[in-house]
Structures are given as C-alpha cells and as structure tokens.
Amino acid sequence: MAITESDVRHVALLARLALSDEQVSTLTAELGAVLGHIDELQRLDLEGVQPTAHPLAMTNNTRADVVVPGLTREMALKNAPASDGRAFLIPAITGAGEES
Amino acid sequence: MLDLSALSAREVRDGIAAGEFSAREAAESAYARIEALDGDVHAFLQLTPELAFAAAERVDAARAAGEDPPPLAGVPVGIKDNMNLIGTRTTCGSRILGNYKSVYDCTAVRRLLDAGALPIGKCNMDEFAFGSSTENSAYGPTRNPWDLERVPGGSSGGSAASVAAGMVTLSLGSDTGGSIRQPGALTGTVGLKPTYGRVSRYGVVAFGSSLDQIGPFGTSVADVALALDAIAGADTMDATSSPEPVERYSAAVGLGVQGLRVGIVRDMPGVPDTDGCLNEIAHVVDRAAETFAALGAEVGDVTLPSARHGLAAYYIIGPAEASSNLARFDGIRYGVRAEDPTDVLDLYMRSRAEGFGPETIRRIMLGTYALSAGYYDAYYGQAQKARTRIIEDFRAAFEHYDVLLTPTTPEVAFRFGEKAADPYMMYLNDVYTIPVNLAGNCAVSVPAGLCSSTGMPMGLQLIGDYFAESTLLRAAAAYEQAVHFDPVPPLVRSLVGAKGGE
Chain A
1 MAITESDVRH VALLARLALS DEQVSTLTAE LGAVLGHIDE LQRLDLEGVQ
51 PTAHPLAMTN NTRADVVVPG LTREMALKNA PASDGRAFLI PAITGAGEES
Chain B
101 MLDLSALSAR EVRDGIAAGE FSAREAAESA YARIEALDGD VHAFLQLTPE
151 LAFAAAERVD AARAAGEDPP PLAGVPVGIK DNMNLIGTRT TCGSRILGNY
201 KSVYDCTAVR RLLDAGALPI GKCNMDEFAF GSSTENSAYG PTRNPWDLER
251 VPGGSSGGSA ASVAAGMVTL SLGSDTGGSI RQPGALTGTV GLKPTYGRVS
301 RYGVVAFGSS LDQIGPFGTS VADVALALDA IAGADTMDAT SSPEPVERYS
351 AAVGLGVQGL RVGIVRDMPG VPDTDGCLNE IAHVVDRAAE TFAALGAEVG
401 DVTLPSARHG LAAYYIIGPA EASSNLARFD GIRYGVRAED PTDVLDLYMR
451 SRAEGFGPET IRRIMLGTYA LSAGYYDAYY GQAQKARTRI IEDFRAAFEH
501 YDVLLTPTTP EVAFRFGEKA ADPYMMYLND VYTIPVNLAG NCAVSVPAGL
551 CSSTGMPMGL QLIGDYFAES TLLRAAAAYE QAVHFDPVPP LVRSLVGAKG
601 GE
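Top to bottom, those sequences are chains A and B. The opening position of the first sequence corresponds to residue 1 in our numbering, with each subsequent residue numbered one higher. The opening position of the second sequence corresponds to residue 101 in our numbering, with each subsequent residue numbered one higher.
Derived from the structure by calculation, the hints contain no laboratory data. Bear in mind the structure is a predicted one, so any value in this text is a computation, not a measurement. Backbone N, C-alpha and C fix where the C-beta goes; we use that ideal spot for every residue, glycine too. Certain hints may be false.
Stated by the list, open to error - Sample of chain A residues at the chain B side, in silico, Cβ under 8 Å:
{"no.": "1", "residue": "Leu14"}
{"no.": "2", "residue": "Leu19"}
{"no.": "3", "residue": "Ala29"}
{"no.": "4", "residue": "Ala33"}
{"no.": "5", "residue": "His37"}
{"no.": "6", "residue": "Ile38"}
{"no.": "7", "residue": "Glu40"}
{"no.": "8", "residue": "Gln42"}
{"no.": "9", "residue": "Val49"}
{"no.": "10", "residue": "Thr52"}
{"no.": "11", "residue": "His54"}
{"no.": "12", "residue": "Val66"}
{"no.": "13", "residue": "Val67"}
{"no.": "14", "residue": "Met75"}
{"no.": "15", "residue": "Ile93"}
In isolation and in its complexed conformation, chain A is listed as follows (with noise of 0.2 Å):
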C-alpha cells in the first residue's frame, strides 16, 4: 500500500501534530520505505491465528476497594505550563459561537 502525502496530513491530524510542508515530504518517504519492509506481514498466512494482545495469560487483577492516597491537587498542578493552582489553564473553548 503506497502512502501519500494526503495520507501523511490525515494521520497528522489524528495524531494531532502540525506538521510543516518539509515534514510531510519526508516523512511520507520515510514511512512508505518501513511500510515496504513490514508489508511481509500481510503475505502472511494467519487466517484463524488468535491475535495476542497481550504477553502473559493474566486475568482480571484486582485489588480490595480501600482509600489510598494517590496524587495531591499541588502535584498534579506541579508542572503545568499554565494553572491557578486550583485547575489547569487552556484557551477558551467556549465562546460567542462560531462563526457562520
């Protein structure tokens, strides 16, 4: 499967990274040589091969329902670019509304 530069934008927004022009061209070279090499695995025949989503057969790992103490508030707020030390700071993302 060859992949191109639309396809390089697309996955940049998904994985929410702005991109510049120069990045998209090369990394649409870069990814379409390693897709080369790992598209063996679909030449592979795996029909009704379980998939392993994990190493060990582990199941559920539970503990007892007990209060422990976890994070404060200061730490979690502790390397926040922006807070008010109760909460952390973004852009509004509420407004008067769109634009039409």
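Assemble chain B onto chain A, guided by the hints.
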C-alpha cells in the same frame, strides 16, 4: 581519593560492612570518574549529588549504629531518564519534558534505593526510548567508551555507557525491543531484560505497554542478579506486574549448568554485513555452544520459524502502543506548551510538533497510521496474529530446552550517523532481541569477546522461559566464567594507566 570503580556491587557492600571505606567515599569515587570521563562520554543528563550523598549518609549512619548493611549498600547507580525519582527531572531525552520534575517515585528505582544504592544521576537515552543508538536524545548523543566515534547502542545508551566507563556499578534501563541487551552488547556490559511483569513498570514513562520491561546493567552476571533481587516482584501500583514468587536470583549464580539443556537458534534472519564482524558474531554462538557442552550441558539446535517476522510485527505493535501512550503529551498538564495558541486544537498540534523530535514523530505517525480506519486489520490485527505465532515458537522451543542462544546484535557498535539515512537499517539492529519482547520471555546479553577487525565488543544473548531468571542467570554466569573475558574500554585503561603509581 579512593578509586572504587573497579569493585563489584557485592565488593562495595562488603567493603562498607567491613569498615574498609564508607558509602560517602563510594559516591565520591563515582563522581570523580564522571568528572574525568563524562565530558567525552555524556552518559548523564543530570547528576544528583544531593540525593546520592544523603543516601550515603543514611548507609554510613546505619553502619555506625551497628546495623548490617543492606545488599546494595553504598553501590553507585545510574537511572535511565525515563524513570521517575522525586528530586530529579525526568526528561525522557525529550525537549517536551525538559522541565518535568518527578512528583512520585518509580517502584523499581525506589526498591533499588531501599536496598542501599546511591542515586548518582539520570542517564541519557533516545527520546522516549525510540532508537538503537542514543543519537535521538534532544540533549545530544552518548558516546561509546570503547570508541568515542561510535554509538553506545540504545535506547538505554547512557545507562550502558555509565557502567562500561566505570562511572557507576549498576544502572537501570528499559527494554521494549532490545534497549537493554543491545547497548549491553555494544558496550561490553551485562544487560538483563526480565520476563514481562517480573519488575513493576510503575513510574517509567510508558512506550509500548505490552512490551516494556525495566532491567539492570552491570559488569558481571552476579551484579545484575543482585539488582534483580532488589527490584523484582509484584507491585500494587502496576496491575500487570506478576504475583509469581520472586526467587533469590543471586543464589543461582555459581550453580553451574550440569544437565541444563541449551538450544542454539539456527534460523535467525540474515542482515547486511557492513564491518566484517558478522561471521565473528555468528562464531560467538558456536563457541558458546562448545563451552556449554564442555561444562556438562546438553546442547542441540532449535528453530523459531516465525521469529523472522518479529521485526515487522514489532514496527506495527510498538509504534501503535507508543502513539497511544504519547497522546498524553498535549501541552495541558505537563511538558512544553506552544506560545500564543489560537485554540485548544492549535495548542495540541503545535505543542506536540515543537516538543517531539524526528524519530518520535516518525513512530507516532507510523503507529497512528497502523491503527487508523481502513488499515487496522491489515497492519495491527495481522501483527498481533504474527505475535501469537512467535509466542508459540518459543513455547515449543522451551519444551525441549532451558536456555536458547543467539547473538545479541547482528553487528558491533556503528559510527555516528551511519544509519541515520535509512530508519529501517537502524531498526535491523534489534532483529535478534525483538522476538523476545513480543513473546515476553527473559533474556540477557553477556560480553563474548572483541571483534578482531574493529576491536569492539560482541554480545551473546541467552533467552529463558517465563519467570526462569534463575536458570537464565545460572547459565549466563557459567558462560561468563568460562570465557573469562573482562572487558575494560581503552578510555578507562588510559585513565587508570595515567593514575598509576598514586
């Protein structure tokens, strides 16, 4: 000043117990070696003398009070910079976490320090552990103490180089596709990847959650066994850590291999030979087989027919899991934030693009593509099925053998920039280590000699069954003792030589 850098972890601990030197002197010795060599090697991103000397003081005070020192008392350790430790920054080798201060401790790090170890500093790494050379750190590469023009391997290159150069006795790395064993082989150190779940992953910044495992580097099998004694075991903070009972791994070292069944993996994929070491590396395995036979092990051949698809499966599964794990770096709760965002989407998109380096962006893009609508079955689903086949191969092999042998890497340490042009050539470096992560088994790389054409270290990989670390380390220690190869990089030899007569 005392130079304690040639001592094993056990010798440091016993020397403190016997009152021959103090933990403070052990820390001073480590910093003196770092001062002499780290300008060239750049194994550390951050030194933590306040934490190290405070830890040393606790060890020395306990000893003065008549207490028997714990197993790693006064042992200088390096910690890969993707593991949290309060009082340090945890940058993951990335600009996006440049100012991130740990607010909690990584369980494995905490356990190592609880055993008396001294946290000397945080080690350089490929950004977010993406790489096989430690060239992808936002803070500059680490250099191989064997040849400063060559890479130390990656992604735990700083952790490996810090041990190889004698700056610390032990270090912790993380291994998702070979990131402990590969730099171990390339720097002439012992690198252990425990069974998936043997060591808690709490507090290590996640890369591939079904593949990652923390493990130790040391200059001997006995040292990594001591480190595993300290860090292994279930943790309520990591639901994927295993409740399987912990053994005393250091007790297995020295038991010999009489009656152990050793299988040589005969169908490893071929790779291009760029420096003439390929044949010598293949010969390492044959010689190891002869060594094991001479020591009383049963030796035979084994095949892992699906392992050759490991690299392809890994480069779908690893990036897919990484793209999901790295979604948390959005410029909101931690990490760098782009200037003057117009809205939240712009904030996300520019913060991430500006904060992540090229290899990280490449892996996120690859993973997001493989998981995106229309490609999921063709790539991710198919890779998960190939993974099942690889697991079945290992299961079948361990029905007949206790330990499997392969080279650790297809080549010795390469020169800076040599593989930068083609990401896939770089990825090939982990071709022998990756299948083990997909299956979740334990494996260790042990120094096996120097390649005659380059003078660079080669590694033997020993692979063990699930939670069979005792057997694995027993075999590794027997091999280590039989080959009697004590690798000291020229950089260290020249330093010791220059100080001769002191």
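Now for the hints, and whether the structure bears them out:
no.: 1; hint: Leu14; verdict: 5 Å, holds
no.: 2; hint: Leu19; verdict: 6 Å, holds
no.: 3; hint: Ala29; verdict: 10 Å, violated
no.: 4; hint: Ala33; verdict: 6 Å, holds
no.: 5; hint: His37; verdict: 5 Å, holds
no.: 6; hint: Ile38; verdict: 4 Å, holds
no.: 7; hint: Glu40; verdict: 5 Å, holds
no.: 8; hint: Gln42; verdict: 6 Å, holds
no.: 9; hint: Val49; verdict: 4 Å, holds
no.: 10; hint: Thr52; verdict: 4 Å, holds
no.: 11; hint: His54; verdict: 5 Å, holds
no.: 12; hint: Val66; verdict: 10 Å, violated
no.: 13; hint: Val67; verdict: 13 Å, violated
no.: 14; hint: Met75; verdict: 4 Å, holds
no.: 15; hint: Ile93; verdict: 5 Å, holds
The structure fails hints 3, 12 and 13 (numbered hints given earlier, in ascending order).
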